[in-house]
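Chemist: What follows is the residue order along each chain.
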Amino acid sequence: MKVPFEKLDKAFENRLRLQIMSVLMVNDRYDFNSLKELLDTTDGNLASHLKGLEKEEYILVHKTFLGRKPNTTYEATEKGKTAFKQHLDALEKLIKQQKAS
Amino acid sequence: MEEKEIKDELASIRSLMERSSKFISLSGLSGILAGVYALIGAAAAYYLLTSNTVREYPYHGYYSFGHLFNSLVGQLLIIAVLVFAASVTSGIILTNRKARRKGQAIWGSTSKALLFNMATPLVAGALLLFIFIVHGYYGIVGPSSLVFYGLALVGAGNFTFTLVKYLGLCEIAIGLIAACLPGYGLLFWAIGFGVLHIVYGSMMYFKYDR
Numbered sequence: 018m019k020v021p022f023e024k025l026d027k028a029f030e031n032r033l034r035l036q037i038m039s040v041l042m043v044n045d046r047y048d049f050n051s052l053k054e055l056l057d058t059t060d061g062n063l064a065s066h067l068k069g070l071e072k073e074e075y076i077l078v079h080k081t082f083l084g085r086k087p088n089t090t091y092e093a094t095e096k097g098k099t100a101f102k103q104h105l106d107a108l109e110k111l112i113k114q115q116k117a118s
Numbered sequence: 007m008e009e010k011e012i013k014d015e016l017a018s019i020r021s022l023m024e025r026s027s028k029f030i031s032l033s034g035l036s037g038i039l040a041g042v043y044a045l046i047g048a049a050a051a052y053y054l055l056t057s058n059t060v061r062e063y064p065y066h067g068y069y070s071f072g073h074l075f076n077s078l079v080g081q082l083l084i085i086a087v088l089v090f091a092a093s094v095t096s097g098i099i100l101t102n103r104k105a106r107r108k109g110q111a112i113w114g115s116t117s118k119a120l121l122f123n124m125a126t127p128l129v130a131g132a133l134l135l136f137i138f139i140v141h142g143y144y145g146i147v148g149p150s151s152l153v154f155y156g157l158a159l160v161g162a163g164n165f166t167f168t169l170v171k172y173l174g175l176c177e178i179a180i181g182l183i184a185a186c187l188p189g190y191g192l193l194f195w196a197i198g199f200g201v202l203h204i205v206y207g208s209m210m211y212f213k214y215d216r
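Listed in order, the protein sequences are those of chains A and B.
The numbering used here numbers the first residue of the first sequence as 18 and each following residue consecutively.
The numbering used here numbers the first residue of the second sequence as 7 and each following residue consecutively.
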């Protein structure tokens, strides 16, 4: 039996990264603080995983100012969206295979 | 990875997608209440219309504001504003309560998107209808208020339960039918704002509120 583990994206191995991508799939842009609140995580943890996704070119970072406060928003790139869809497909295939076996 | 683990992962993704893009704290109960207020308002309007012995014939021209608010039309307008204010107030209170229970912020990016998409057709419609009233085109007010409200709900439906979108489509349909049948404005208004709200409010209540 061939298990398509190689199709699973290494960049999404971490759960938080997958969660960040799923939020950015359905929202054009999402800001740092709302992400932190929604995913119930810490500043450092979220920032490091956002960096990771940025390095993969899966997300774009927009830095703006709201008055004097910095406001950072994130947007999924086409590359990131495609990778996310492929990752989900691979997960679904895994389930089907495990059911069949 | 275990099958259960993958399934949990997929379920969490689905819930995140919904929670981050849709305002799921909208209260169904507030829809039912809005319908009840609308029916009470329609009954009051019906009473005003039938008990008025001196019939005012619509005069197609410009009224002074003072005249407008003393007239029958002005009194009907006051009823409409009261119904609207009562609906919005109970909507905010009940939605706030549900949001606290669900742990969703009531003033977040989803509720902002919801309000903006709802307010645009509502404000445009309200201003246009006010201009119509000032010019004395009363017949158009009932049907168009239903159509504009329907458009607002269809827009808002993208940011909350899909049920809201269907309610909007029904309101538009009722508004268009009302426009074809002049003279039954109040009846259709009671169906659109009263009965439909109660029906959809209870559907939402039983599906999502509890």
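For the record, the hints were derived by calculation from the structure and aren't laboratory data.
None of the values given here were measured: they were computed from a predicted structure.
Among the hints, a few may not be true.
Dumping the calculated DMTMM-like pairs for lysine to aspartate or glutamate here, alpha-carbon to alpha-carbon at most 20 Å [stated by the list, open to error]:
hint	chain 1	residue 1	chain 2	residue 2
1	A	Lys-27	B	Glu-11
2	A	Lys-116	B	Glu-11
3	B	Lys-104	A	Glu-54
4	A	Lys-102	B	Asp-215
5	A	Lys-102	A	Glu-54
6	A	Lys-27	B	Glu-9
7	A	Lys-113	B	Asp-215
8	A	Lys-113	B	Glu-24
9	B	Lys-28	B	Asp-215
10	A	Lys-110	B	Glu-24
Chemist: Decide, hint by hint, whether the structure agrees.
Modeler: Results for each hint:
1. A:Lys-27 to B:Glu-11: 17 Å, holds
2. A:Lys-116 to B:Glu-11: This hinted pair holds, its Cα atoms lying about 14 Å apart.
3. B:Lys-104 to A:Glu-54: It holds: about 18 Å lies between the C-alpha atoms, which stays within 20 Å.
4. A:Lys-102 to B:Asp-215: 32 Å, violated
5. A:Lys-102 to A:Glu-54: 25 Å, violated
6. A:Lys-27 to B:Glu-9: 19 Å, holds
7. A:Lys-113 to B:Asp-215: 34 Å, violated
8. A:Lys-113 to B:Glu-24: The given pair, whose Cα atoms are some 24 Å apart, is violated under the 20 Å limit.
9. B:Lys-28 to B:Asp-215: 15 Å, holds
10. A:Lys-110 to B:Glu-24: Answer violated: Lys-110 of chain A to Glu-24 of chain B is near 23 Å, above 20 Å.
Against the hints set out earlier in the document, violations occur for numbers 4, 5, 7, 8 and 10.
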